[in-house]
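Trainee: Given next are the chains, with one letter for each unit.
Number of protein chains: 2
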Amino acid sequence: MPKNRDAARANLENLYRIFTVPESPESTLGAIDQAIADDVAGFLQTHIVAIERNLEEIETHFASATIPEEPTYVSEYTEFVKDHLVAHSVHTAAPGFVGHMTSALPYFMLPLARLMTALNQNLVKVETSKAFTPMERQVLAMLHHLVYRRDDDFYPPWIHNSQYALGAFCSGGTIANTTALWVARNRLFAPDGEFRGIAQEGLGRALQHRGCDGVAVLVSERGHYSFGKAADLLGLGRDNLIKVQTDDNNRIDVKLLREECRRLQDRNILPLAVVGIAGTTETGNVDPLEALADFALELGCHFHVDAAWGGPTLFSDRYRSLLSGIERADSVTIDAHKQLYVPMGAGMVVFRDPTALTAIEHHANYILRHGSKDLGSHTLEGSRPGMAMLVHAGFSIIGRKGYELLIDMGIERARTFADMIRLHPDFELTSEPELNILTYRYCPRAVQRVLAAATPEQRRCINDLLDQVCMLLQKHQREAGKTFVSRTRLRFASYGEELTVLRVVLANPLTTDGILAAVLAEQCEIVQLPEIQALLRKVEEHCAALS
Amino acid sequence: MPKNRDAARANLENLYRIFTVPESPESTLGAIDQAIADDVAGFLQTHIVAIERNLEEIETHFASATIPEEPTYVSEYTEFVKDHLVAHSVHTAAPGFVGHMTSALPYFMLPLARLMTALNQNLVKVETSKAFTPMERQVLAMLHHLVYRRDDDFYPPWIHNSQYALGAFCSGGTIANTTALWVARNRLFAPDGEFRGIAQEGLGRALQHRGCDGVAVLVSERGHYSFGKAADLLGLGRDNLIKVQTDDNNRIDVKLLREECRRLQDRNILPLAVVGIAGTTETGNVDPLEALADFALELGCHFHVDAAWGGPTLFSDRYRSLLSGIERADSVTIDAHKQLYVPMGAGMVVFRDPTALTAIEHHANYILRHGSKDLGSHTLEGSRPGMAMLVHAGFSIIGRKGYELLIDMGIERARTFADMIRLHPDFELTSEPELNILTYRYCPRAVQRVLAAATPEQRRCINDLLDQVCMLLQKHQREAGKTFVSRTRLRFASYGEELTVLRVVLANPLTTDGILAAVLAEQCEIVQLPEIQALLRKVEEHCAALS
Numbered sequence: 347m348p349k350n351r352d353a354a355r356a357n358l359e360n361l362y363r364i365f366t367v368p369e370s371p372e373s374t375l376g377a378i379d380q381a382i383a384d385d386v387a388g389f390l391q392t393h394i395v396a397i398e399r400n401l402e403e404i405e406t407h408f409a410s411a412t413i414p415e416e417p418t419y420v421s422e423y424t425e426f427v428k429d430h431l432v433a434h435s436v437h438t439a440a441p442g443f444v445g446h447m448t449s450a451l452p453y454f455m456l457p458l459a460r461l462m463t464a465l466n467q468n469l470v471k472v473e474t475s476k477a478f479t480p481m482e483r484q485v486l487a488m489l490h491h492l493v494y495r496r497d498d499d500f501y502p503p504w505i506h507n508s509q510y511a512l513g514a515f516c517s518g519g520t521i522a523n524t525t526a527l528w529v530a531r532n533r534l535f536a537p538d539g540e541f542r543g544i545a546q547e548g549l550g551r552a553l554q555h556r557g558c559d560g561v562a563v564l565v566s567e568r569g570h571y572s573f574g575k576a577a578d579l580l581g582l583g584r585d586n587l588i589k590v591q592t593d594d595n596n597r598i599d600v601k602l603l604r605e606e607c608r609r610l611q612d613r614n615i616l617p618l619a620v621v622g623i624a625g626t627t628e629t630g631n632v633d634p635l636e637a638l639a640d641f642a643l644e645l646g647c648h649f650h651v652d653a654a655w656g657g658p659t660l661f662s663d664r665y666r667s668l669l670s671g672i673e674r675a676d677s678v679t680i681d682a683h684k685q686l687y688v689p690m691g692a693g694m695v696v697f698r699d700p701t702a703l704t705a706i707e708h709h710a711n712y713i714l715r716h717g718s719k720d721l722g723s724h725t726l727e728g729s730r731p732g733m734a735m736l737v738h739a740g741f742s743i744i745g746r747k748g749y750e751l752l753i754d755m756g757i758e759r760a761r762t763f764a765d766m767i768r769l770h771p772d773f774e775l776t777s778e779p780e781l782n783i784l785t786y787r788y789c790p791r792a793v794q795r796v797l798a799a800a801t802p803e804q805r806r807c808i809n810d811l812l813d814q815v816c817m818l819l820q821k822h823q824r825e826a827g828k829t830f831v832s833r834t835r836l837r838f839a840s841y842g843e844e845l846t847v848l849r850v851v852l853a854n855p856l857t858t859d860g861i862l863a864a865v866l867a868e869q870c871e872i873v874q875l876p877e878i879q880a881l882l883r884k885v886e887e888h889c890a891a892l893s
Numbered sequence: 347m348p349k350n351r352d353a354a355r356a357n358l359e360n361l362y363r364i365f366t367v368p369e370s371p372e373s374t375l376g377a378i379d380q381a382i383a384d385d386v387a388g389f390l391q392t393h394i395v396a397i398e399r400n401l402e403e404i405e406t407h408f409a410s411a412t413i414p415e416e417p418t419y420v421s422e423y424t425e426f427v428k429d430h431l432v433a434h435s436v437h438t439a440a441p442g443f444v445g446h447m448t449s450a451l452p453y454f455m456l457p458l459a460r461l462m463t464a465l466n467q468n469l470v471k472v473e474t475s476k477a478f479t480p481m482e483r484q485v486l487a488m489l490h491h492l493v494y495r496r497d498d499d500f501y502p503p504w505i506h507n508s509q510y511a512l513g514a515f516c517s518g519g520t521i522a523n524t525t526a527l528w529v530a531r532n533r534l535f536a537p538d539g540e541f542r543g544i545a546q547e548g549l550g551r552a553l554q555h556r557g558c559d560g561v562a563v564l565v566s567e568r569g570h571y572s573f574g575k576a577a578d579l580l581g582l583g584r585d586n587l588i589k590v591q592t593d594d595n596n597r598i599d600v601k602l603l604r605e606e607c608r609r610l611q612d613r614n615i616l617p618l619a620v621v622g623i624a625g626t627t628e629t630g631n632v633d634p635l636e637a638l639a640d641f642a643l644e645l646g647c648h649f650h651v652d653a654a655w656g657g658p659t660l661f662s663d664r665y666r667s668l669l670s671g672i673e674r675a676d677s678v679t680i681d682a683h684k685q686l687y688v689p690m691g692a693g694m695v696v697f698r699d700p701t702a703l704t705a706i707e708h709h710a711n712y713i714l715r716h717g718s719k720d721l722g723s724h725t726l727e728g729s730r731p732g733m734a735m736l737v738h739a740g741f742s743i744i745g746r747k748g749y750e751l752l753i754d755m756g757i758e759r760a761r762t763f764a765d766m767i768r769l770h771p772d773f774e775l776t777s778e779p780e781l782n783i784l785t786y787r788y789c790p791r792a793v794q795r796v797l798a799a800a801t802p803e804q805r806r807c808i809n810d811l812l813d814q815v816c817m818l819l820q821k822h823q824r825e826a827g828k829t830f831v832s833r834t835r836l837r838f839a840s841y842g843e844e845l846t847v848l849r850v851v852l853a854n855p856l857t858t859d860g861i862l863a864a865v866l867a868e869q870c871e872i873v874q875l876p877e878i879q880a881l882l883r884k885v886e887e888h889c890a891a892l893s
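Line by line, the protein sequences are chains C and V. Quick note: to get my numbering, add 346 to the position in the first sequence (first position is 1). Quick note: to get my numbering, add 346 to the position in the second sequence (first position is 1).
Chain C on its own, in the form it takes in the complex (with noise of 0.2 Å):
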């Protein structure tokens, strides 16, 4: 059969040419990465689709379940993704994409991830990464460093040390945050005696050896989600996370946290840690820490800070107070992929105590050996890419001062905002900025003083009706395509009750004034959609009746 003979010869020499033969910079693919190079932004705008396709037509272009049987052309597949992929996908460097906590990156980052890409070293050891593991070392030093602030005569014995590890990078704040329960949870339940410890005879055992019935994580309700899956996780269970209601400023109360712990108490739960957040997702403030470094104390519990969000505001001279005791935390989250302007897939988990990773440590034969440097000994994941690369890149070329004038930005823009709202007659500020993070929602001024007066009844047929115009208002936003906002419901202390609102991260240094006030200009304009307009009608409807 020479004829399939010759097929199998032309394909194995389509085979070799992928792995030998770059893309011509003429071919569409290399046009594309060519216009990247030469201006990101500008292709980011010219090739993705401001209004919003609908997602049901979109998934008419990915819905075959059938691997296909022969090659593509690389050409004909980039033309699908100009058309299907990149065209449809969502402008999260937009200086008016103001809802998530996505911003434009730095320039230097995309040369630096395609070199990366290229090296495509695995960082679970050293042979497979070599200079790559003292530079992650020295990231998560660096890191270490910027939380603890310790001498400079700390570091040498611990920064390269293969018995040790500062910390641990992630590919996100959620294995991160899992990694500082999971050492926290085995250090409870250290080797004692008989007891070989928990990660050796698992938590049934462990629970019988403390004679508890229980451990607990306790958060404030503002806690991230990925406390719940880490509860879940770690086998602690969903109603061991206990969510501890939060005060006017969105902050742990820390009255009603001490109280929690009675009543585990009661129960024979042990109280396994306390977590602090510095920058909460949805609001932005942060927890007031040196307090529950207090009480973690008292406890004689692990307290960890999550501070994926907030955590650089370390680097500003004029903010860093508003962090003060996470210093005294055991173990912090931070992520790289927020306010470090990595791209995604980047977080961290530093400890205090430069041996608390021996908790989760582990050996194989073929890597990780004992005495080796390996970095996967000490971490969560196995492979895992050299992101720490960029993180290195950011701390070197942006520096301290660079990083600091961001947060400045940030936070200063978030005020400005805020202002913004206040003046405004149909807006009602939901939650003060303290970093760079704020919540509010439409509720014309007069709608808010009947509202001030009403009774919880009352109170509630009308915020049904303005969660209603939250909604709309935001999904009617995002799939205009200019601007974007999130939403997000929250209960906030001073209404007792839970409300939907709009939630605006303000981290993108190309975000302006002006954008932030042609946010709410279209916002004005959206709610004078008819849908959005029969709700206000009711809502007028309502305090006509109440005034």
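Hints in this document: simulated from the structure, not taken from any laboratory. Hints may be right or wrong, so weigh each one.
Because identical chains cannot be distinguished in the list, a pair is counted as satisfied if it fits within a single copy or across any two copies.
Lysine-lysine pairs mimicking DSS-like chemistry, simulated, CA-CA at most 30 Å apart [stated by the list, open to error]:
#1 Lys428 <-> Lys719
#2 Lys601 <-> Lys828
#3 Lys719 <-> Lys589
#4 Lys884 <-> Lys428
#5 Lys821 <-> Lys719
#6 Lys601 <-> Lys589
#7 Lys828 <-> Lys884
#8 Lys821 <-> Lys884
#9 Lys719 <-> Lys828
#10 Lys821 <-> Lys428
#11 Lys828 <-> Lys428
#12 Lys589 <-> Lys428
Given the structure of chain C, go ahead and fit chain V onto it with the hints provided.
Mentor: Chain V in isolation, oriented as in the chain C frame:
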């Protein structure tokens, strides 16, 4: 203080520059970027120093724990990266790097990876990923179809169903395996009457509810070390990861597996999952999956297959049957950054039952709302990059037939290399390649003959020396930087003891038979080193005394 104000303004301008002005093609970083685009293989060859530098020496360049105060020019930083990071990284794509599971990447992966970075989507939710969400859902369905071969009719109700996910995209195989066991654990302890399920109530209560003293996972002694981590993390305890001995072919001994299960029953420990391996990390062997599926069915427990390495063998018409029984698994892990030729940081797990992931479902108020198609409600991780795009590209551009060629080439090359080792008078093949991984060691034929007739004590003496030879051989070869094999330590059923062996992974299509001959030739040169010769003389003395 006008001077300070000027400095502040200059800093601010510099900061805007890094977010708005692309690297010029003439800049150091621009030139590197261009060099990688033009010829990545050439770039790596030129910039990575072959001869290995001492790790301690490299560490001196990553010694400071202080984040630089002042910004650095991109060009200056790039020079540093070139000299101290790139130069001393590992050339994982080199055709002579056959020791670990990284290979050369298809050329199209690089520009597409850059496009992915530029788009900076976050797959946790549709609001930051839009078309990337249906795309990732399709990739998971395609992988599901590759494994489970369900009819075309099967997929439409599930693939884009907001309530379900056919699998989870992960940062790697460790998270994938952990997700599988997490699901298995939560399904074993599902809500039942008064008991609200382990996710809610925790492992302690779950054990009480079922009246058992623990739960165990059974896997062969060749199982990946991630299962130990997962057993620890999930609260089962490493004691309850039962490592069953393997037969002569590194496959789980099903008779011993039965015995282990009986012992568990006697101790009132419930089997949670039986794990089959489709391509052991160290030897590339495949467990008898049909027999394991039967046994798991008999036990009524979860059957997971770790096909992180071997899964893509399913692309091959010729070799697919090696994995038969995999379609009966409840869950299957496949890594994309291994034999799907995607850059580091991409693993997947698929579940036969499309509702299985409900066992770990979670929600939040600001994202992952009920009814949304956000993928984050069914993943262990939170924020995640759009790596699925590169899997989608591989599936589309390479196609089933292209991957088949890659798989077939690897398996056939491993057989060729096994023949070369067998024919060589100085080497001993210690594991026959079943897929594309094999192990061998330096052990001249005369020594092999003596060992075959020796007592266990005599064998141990000689093997201890050969283990040292193996270790040194591997180390010197790695340091010379021409070619690279890895090493591990395995118990061989036929030897009844542990041996240190060299390990070769043949997945790089650019690796030729000539390169493999060079690997052996270099090893023959290295054994001439005085320190190795001294060991070999001792081996000879032992042999002489015995014959």
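Trainee: Could you work out which of the previously given hints the structure breaks and list their numbers from low to high?
Mentor: Result: hints 2, 4 and 12 break, sorted rising.
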